[in-house]
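Just so you know, the protein sequences line up as chains A and B, in that order.
According to my numbering, the first sequence holds residues 20 to 296 in order.
According to my numbering, the second sequence holds residues 1200 to 1714 in order.
Honestly, the hints are just simulated from the structure, not real lab data.
Beta carbons are placed, not taken as given, at the ideal position from N, Cα and C, and that holds for glycine.
Careful: at least some of the hints might be erroneous.
Incomplete in silico selection of chain A near chain B, CB under 10 Å [unchecked claim]: (1) M58; (2) S68; (3) D70; (4) G71; (5) G236; (6) P238; (7) V253.
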Amino acid sequence: MWKRFSSNIGAMIGVVLLVAVIAIAIFAPLLFSHDPWQMVQRPFLAPFSMDGLPLGTDTLGRDVASQLAYGARVSLLVGLVSTLVALLIGVPLGALAGFYGNWVDEGAMRFTEFFQTIPNFALAIVLVAIFEPTLASITIAIAIVSWPPVARLVRAEVMSVRKREFVDAARLAGLSRPRILMTQVLPNTVSPIIVMASLMVATAILLESSLSFLGLGDPNAMSWGYMIGAARTVIRSAWWLSFFPGIAIVITVLALNLIGEGLNDALNPHLSRKGKA
Amino acid sequence: MTKLRATTFLIAATLAAPLAAQQEGGRLDIVVQPEPPGLMLGLVQNGPTQLVAGDIYESLLRYNSDLEPQPSLAESWEISDDGLTYTFNLHEGVTWHDGEPFTADDVVFSADVFLRETHARLRASLAYVESITAPDDTTVVFQLKEPFGPFINAFEAGTMPIVPKHIYEGTDYATNEMNATPIGTGPFKFETWEKGSYIHLVKNEDYYLEGKPYLDEVYYRVIPDAAARAVAFETGEVDVLPGGSVENWDVPRLTEMEGVCSTGAGWEFFAPLAWMWMNNREGPTSDVRFRQAVMYAMDRDFVKDVVWNGFGKVATGPVASSTNFYSDDVTPYDYNPEKAEALLEEMGYDGAPVRILPLPYGETWQRWAEAVRQNLSEVGINAEIDSTDVAGWNEKTSQWDYDLAFTYLYQYGDPALGVSRNYTADRIKKGSPWNNVEGYENPELDAKWAAAATMVTPEERAAAYAEIQKEIVDDVPVAWLQELEFPTIYRCDVKDLVTTAIGINDGPRDAWIEE
Chain A
20 MWKRFSSNIG
30 AMIGVVLLVA
40 VIAIAIFAPL
50 LFSHDPWQMV
60 QRPFLAPFSM
70 DGLPLGTDTL
80 GRDVASQLAY
90 GARVSLLVGL
100 VSTLVALLIG
110 VPLGALAGFY
120 GNWVDEGAMR
130 FTEFFQTIPN
140 FALAIVLVAI
150 FEPTLASITI
160 AIAIVSWPPV
170 ARLVRAEVMS
180 VRKREFVDAA
190 RLAGLSRPRI
200 LMTQVLPNTV
210 SPIIVMASLM
220 VATAILLESS
230 LSFLGLGDPN
240 AMSWGYMIGA
250 ARTVIRSAWW
260 LSFFPGIAIV
270 ITVLALNLIG
280 EGLNDALNPH
290 LSRKGKA
Chain B
1200 MTKLRATTFL
1210 IAATLAAPLA
1220 AQQEGGRLDI
1230 VVQPEPPGLM
1240 LGLVQNGPTQ
1250 LVAGDIYESL
1260 LRYNSDLEPQ
1270 PSLAESWEIS
1280 DDGLTYTFNL
1290 HEGVTWHDGE
1300 PFTADDVVFS
1310 ADVFLRETHA
1320 RLRASLAYVE
1330 SITAPDDTTV
1340 VFQLKEPFGP
1350 FINAFEAGTM
1360 PIVPKHIYEG
1370 TDYATNEMNA
1380 TPIGTGPFKF
1390 ETWEKGSYIH
1400 LVKNEDYYLE
1410 GKPYLDEVYY
1420 RVIPDAAARA
1430 VAFETGEVDV
1440 LPGGSVENWD
1450 VPRLTEMEGV
1460 CSTGAGWEFF
1470 APLAWMWMNN
1480 REGPTSDVRF
1490 RQAVMYAMDR
1500 DFVKDVVWNG
1510 FGKVATGPVA
1520 SSTNFYSDDV
1530 TPYDYNPEKA
1540 EALLEEMGYD
1550 GAPVRILPLP
1560 YGETWQRWAE
1570 AVRQNLSEVG
1580 INAEIDSTDV
1590 AGWNEKTSQW
1600 DYDLAFTYLY
1610 QYGDPALGVS
1620 RNYTADRIKK
1630 GSPWNNVEGY
1640 ENPELDAKWA
1650 AAATMVTPEE
1660 RAAAYAEIQK
1670 EIVDDVPVAW
1680 LQELEFPTIY
1690 RCDVKDLVTT
1700 AIGINDGPRD
1710 AWIEE
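Just chain A, with the same shape it has in the complex:
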């Protein structure tokens, strides 16, 4: 599997980019001596116009490069944690619905549809506005709007797997139903979940940026969306304030998408061959 993955050039580019972003996020305090909120120089310094401030300064004279690095932490953290939470909600719900069927399925799916009928972004805005924007509330809001597709996917996978012969064999061997679900069925649905999760992280990062852009970010956390939102009003006089965080978002989301596709090809060779034909 690793062999198939590593031979995919796009996926490897994605991994390199993502590792770079993660490294910058982790080592931000070592790379930059001042904190991203600190006013270090004159405001509106253009990029490369002063040593030590490669990407210039923002409206208050804060170091844009440092803001980018610290912003990576928030984006990645929110992306990862919200995806984990979404999986924690979506996977059990989908698995139960798919495995037990009947009224369990009916109930779970109607509940899922209830969330799916509301547009993702609108629901996220409402949730954040109600709970007051903090990193925790934003993460939870993103998780709440992103679990329904997970539940749907897991349900479909479980439904197809539970009809296979090895499941019948396990039942004949006397395994209890919950045990069969946990040890026989679920492990066989992991690969599509992994693929979906990697793409969800990318979506979550975009959602967080959009919320921050609208001023619904955590006002105490430096994030890329916040940077663009704050730079919106000066876009004509200071292009670099929105350009660099925009590039950062593009790179990170692109990297995650490349990895997701690579994983999809590697874990699901049957599908990939069909795609190429």
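With chain A held as given, fit chain B onto it using these hints.
Just chain B now, kept in the frame of chain A:
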């Protein structure tokens, strides 16, 4: 050679300018933001309404930039030596926009009946009034119960707009259908209001001042987005951007354009002063040493230069320097982080978290809160920004659920009208964000505020207010930040636009356009 001739011409033009008579005609397009809820100035007094309706309605007086009273509907006036009797002689031959004659009865009706019911701020001043009478058609007498120095500042258009008795007497004011087509005595008449687009006023041909107004028509344009307003000005679609209608960062770009002028004048009457309320009841902010440390920790000059692009002035205390009775004989709080740290150490600050509530009025205020948080954290204060919207800000401040909260308030030309309300104990009242929200209690100063309001001569009052300012600045009930200045940006060929203490609110009366 051409250059020389051009220069000569320019000099000649400059010399000739003061001699040239004001030119008549032309149309002025002014941005109004946001769209006013109504134009009946006696019923609605928010900023946009005052901007537009200040051309339709008038009061007895106007005020120049030194806040000295000038004639408006009143030609002359007299205050008795005991400070109790105010006599106004009205202009003759004034008519309402519908042709009815304007008389002293209209003034009595407006002040004594209509505005007493509809205008809370004026009602507070009218509490000092014993009677309002009209001995004849052009004379009005206000008889006071006790001397009230600031009373002479109550005759501004937004404070005491004179409304037509023949339209409103005996009706339900709020639902009177004439509210939609306001009738005043002012230099411009209401023509049409295309909701969401523009308000159109036309010249009052029968205006009582010979030759005025000069302009034929004024359009107030509604453009909801700040960036779009800036573009509308750049393309020449509008001629005037009133203070606050574009983001501060856009101001230098616009004023650097050719033929564009700007002025910070025209806000003297309002004198908006920004500060942070500091909760005097609980938490670290209840310790005066902490409050002083906050003052020393903030680099207020930096904010003025960077966040406000150099507009405004760092505040020294509760009274704005552009208004009467300002005193600079107070303890200065310069940027001094070491002193702030020393004060924090002395009080034994334990790192308890302090919440900062920004004013949700756009990017400028958000950046300001971020700068203050950074300043505070640099001296070791554990400060965090609360996020909020307008409703949340109102709720949190009026319910006293905050540690530090940004705000700014108008001063209305006199400490007794716009300043003391934030510091006296009788103004501590849950549920309103416009009173003594910080919970400052100082009975000794309360007595001084009350005494200063009713002293007869300006000299006595000045001495009393100087003493109050000296004392209160040491107590730091709130963290005074900045005297705000909202630059008005306009095309230079618009002349005499801002000549009074309320700026463009009543400016179009004297404005003219040079061809």
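Evaluated hints:
no.	hint	result
1	M58	holds, 6 Å
2	S68	violated, 17 Å
3	D70	violated, 21 Å
4	G71	violated, 19 Å
5	G236	holds, 8 Å
6	P238	holds, 4 Å
7	V253	holds, 5 Å
Consistency with the previously given hints fails for numbers 2, 3 and 4, ordered from lowest to highest.
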